[in-house]
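*Asks:* If you want the building blocks of each chain, they are given just below.
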Amino acid sequence: MMKNSAKTPAVLLVLMVVFMVLAVGFLLNLWGNPAPRPEIPLVDPAFISTQTVRTSYAELVAQKADLSDFDCYGCHEKDKPPTLRFDADHNLIIPKEHSDIVMKHGSHNRNNICFNCHNENNLERLQPRDGRELKFEESSQLCGSCHGPTYRDWEAGAHGRMSGYWDRSKGQFTRKDCVSCHDPHAPKFPGRKPAPPPHPLRPLAAPKHEMERED
Amino acid sequence: MDADGLNRRSFLRTSAVLGTGLAAIAAGLAPLRNLKDFTSMEQFVQKYYKELTPEDMEKVLKRIENEVERQYGIRPHVRDLKPMDGVQFVYCLNLSRCIGCRKCVHACVAENNQSRNPEIQYIRVLKMTNGSFDMEKAQHDYDPEKVPEKGHFYMPVQCQQCHNPPCVKVCPVHATWQETDGITVIDYDWCIGCRYCEAACPYWARRFNFAKPSIPKDRLNPNMAYLGNRPRKQGVMEKCHFCIQRTRAGRYPACVEVCPAGTRKFGNILDPNSEVSYILKNKRVFIQLKEELGTSPRFFYYFDV
Numbered sequence: 442m443m444k445n446s447a448k449t450p451a452v453l454l455v456l457m458v459v460f461m462v463l464a465v466g467f468l469l470n471l472w473g474n475p476a477p478r479p480e481i482p483l484v485d486p487a488f489i490s491t492q493t494v495r496t497s498y499a500e501l502v503a504q505k506a507d508l509s510d511f512d513c514y515g516c517h518e519k520d521k522p523p524t525l526r527f528d529a530d531h532n533l534i535i536p537k538e539h540s541d542i543v544m545k546h547g548s549h550n551r552n553n554i555c556f557n558c559h560n561e562n563n564l565e566r567l568q569p570r571d572g573r574e575l576k577f578e579e580s581s582q583l584c585g586s587c588h589g590p591t592y593r594d595w596e597a598g599a600h601g602r603m604s605g606y607w608d609r610s611k612g613q614f615t616r617k618d619c620v621s622c623h624d625p626h627a628p629k630f631p632g633r634k635p636a637p638p639p640h641p642l643r644p645l646a647a648p649k650h651e652m653e654r655e656d
Numbered sequence: 191m192d193a194d195g196l197n198r199r200s201f202l203r204t205s206a207v208l209g210t211g212l213a214a215i216a217a218g219l220a221p222l223r224n225l226k227d228f229t230s231m232e233q234f235v236q237k238y239y240k241e242l243t244p245e246d247m248e249k250v251l252k253r254i255e256n257e258v259e260r261q262y263g264i265r266p267h268v269r270d271l272k273p274m275d276g277v278q279f280v281y282c283l284n285l286s287r288c289i290g291c292r293k294c295v296h297a298c299v300a301e302n303n304q305s306r307n308p309e310i311q312y313i314r315v316l317k318m319t320n321g322s323f324d325m326e327k328a329q330h331d332y333d334p335e336k337v338p339e340k341g342h343f344y345m346p347v348q349c350q351q352c353h354n355p356p357c358v359k360v361c362p363v364h365a366t367w368q369e370t371d372g373i374t375v376i377d378y379d380w381c382i383g384c385r386y387c388e389a390a391c392p393y394w395a396r397r398f399n400f401a402k403p404s405i406p407k408d409r410l411n412p413n414m415a416y417l418g419n420r421p422r423k424q425g426v427m428e429k430c431h432f433c434i435q436r437t438r439a440g441r442y443p444a445c446v447e448v449c450p451a452g453t454r455k456f457g458n459i460l461d462p463n464s465e466v467s468y469i470l471k472n473k474r475v476f477i478q479l480k481e482e483l484g485t486s487p488r489f490f491y492y493f494d495v
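For the protein sequence lines, the chains are A and F, in the order given. 442 is the number of the first residue of the first sequence in our numbering; add one for each residue after it. 191 is the number of the first residue of the second sequence in our numbering; add one for each residue after it.
So here's chain A without its partners, still in its complex pose (with noise of 0.2 Å):
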């Protein structure tokens, strides 16, 4: 039987104490939980979206957008080719009304007149150096008269970018032409702030010392 000295009902009590200081602790679950980690913020969704950065003549035909700005007419008068005027170096200028073009097709000024592709005779045309015409909706053909291995690669999907179904029996693939991502009139990539860096749960190693180029 339990031994009864004078010291027991405060061992006990302690051990009462004790107990329901732990049962506590573990219902409150007041210890043992890991380190709190730091907000990481849900990326912007324009990093998500599939939207190409320009839309298209027959993009904008379909989506019956507003086509004003394409009415060349409307401000030229027909059969009065507009003439370019040119700086005292070489270099285009861009008339106040159209002020929203920048040229620079190509390094060194080299398609610093805009009749390499529109036709003056006819503003509402395009036109290869082969003396075809051509709708703004076939401009992708223009491109490709000049950049034939790109056309032929684009033609082929390994240029630009493909969509919806790899497997052409289950549906239907989308390719975009040339001018949903290209500027026509500066039509290399302008750079872009990339989405941020990743936040792994422990700091990444610093790189080694980079390779010094021999140049």
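If you are wondering where the hints come from, they were derived from the structure by calculation, not from laboratory data. Heads up, some of the hints might be wrong.
[As the list claims (entries may be wrong)] Cut-off 27 Å, straight-line C-alpha distance, at most; resulting in silico cross-link-like pairs (DSS-like, lysine-lysine):
#	chain 1	residue 1	chain 2	residue 2
1	A	Lys634	F	Lys336
2	F	Lys473	A	Lys629
3	A	Lys521	A	Lys505
[Said to hold, decoys possible] Chain F regions said to be covered by chain A (calculated; three or more residues, Cβ under 8 Å):
#	region
4	362-374
5	463-472
For every residue, glycine included, the Cβ atom is placed at its ideal position computed from N, Cα and C.
With chain A fixed as given, assemble chain F onto it according to the hints.
*Replies:* This is chain F only, laid out in the frame that chain A set:
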């Protein structure tokens, strides 16, 4: 009755102490309250994936739909898509075009229901110096004002879906295997979380759920596949599976569809008219990462020369 040892006082005292002691033990078992979130009886006794009959699989898919609805409030559509005949997936990535914008990383995260905190991203974009292919010196955390930066090129790396995968060889429970169309898959209900596959992978393609994954409810993708993007639980591995819920339905993966530079190309190499066949026939410089290890990846990096 023996009146010496047991009297009312000592009985009450003893039982008070025992009572608080038992309460402490019971409170110590309090984490078992969360057992329902971790596993259910049906999941615990579920058979191996390759042994499930179609009826068993129906029940499993229904269980998953119920669990996701309970946790996120959205009822998803979970399918078990089988590989198609005559299909071998191949991925081509044009290193002349990648600008390092990381849109592919985030499109993948959104499509595949990856944890936002702690952050899991299947794709890691490496910034490399021109003229070097040393991945040990690549930067992972670049964040300039504008990409691409002069003198560098960008190489996104994800699971290479190797022909000869080291991760499949080391899995002690066969929770991961390669399917006939080339995708290496993981059964999240069979994985025990030992992380041998993470150690075996030379490309660091495998990600582990160290904590309970957290996905914002409004960004959950309800179009799910059993071996693909259904929400995972703490303690299992996950990795790129070529968007199995899209590709086995005939669609392009999310990373291909979002790339603004048209860098990524995906398709069936057994189809002579696919763009990947065209690229492999016509381009001249191809790189398979860590080729010397003999993993034979399905990922071909190429340049536009």
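*Asks:* Are the hints correct? Go through all of them and say.
*Replies:* For each hint, the structure was consulted:
Taking the CA atoms of A/Lys634 and F/Lys336, the gap is about 5 Å. The hint holds against a cut of 27 Å. A C-alpha spacing of about 22 Å is found between F/Lys473 and A/Lys629, which places the hinted pair at or below 27 Å, so the restraint holds. About 30 Å separates the Cα atoms of A/Lys521 and A/Lys505, which puts this hinted pair outside 27 Å; it is violated. Counting residues of the region 362-374 of chain F whose C-beta sits closer than 8 Å to any C-beta of chain A gives 0, which falls short of three, so the coverage hint is violated.
With 5 residues having a beta carbon nearer than 8 Å to a beta carbon of chain A, the region 463-472 of chain F meets the requirement of three or more and the stated coverage holds.
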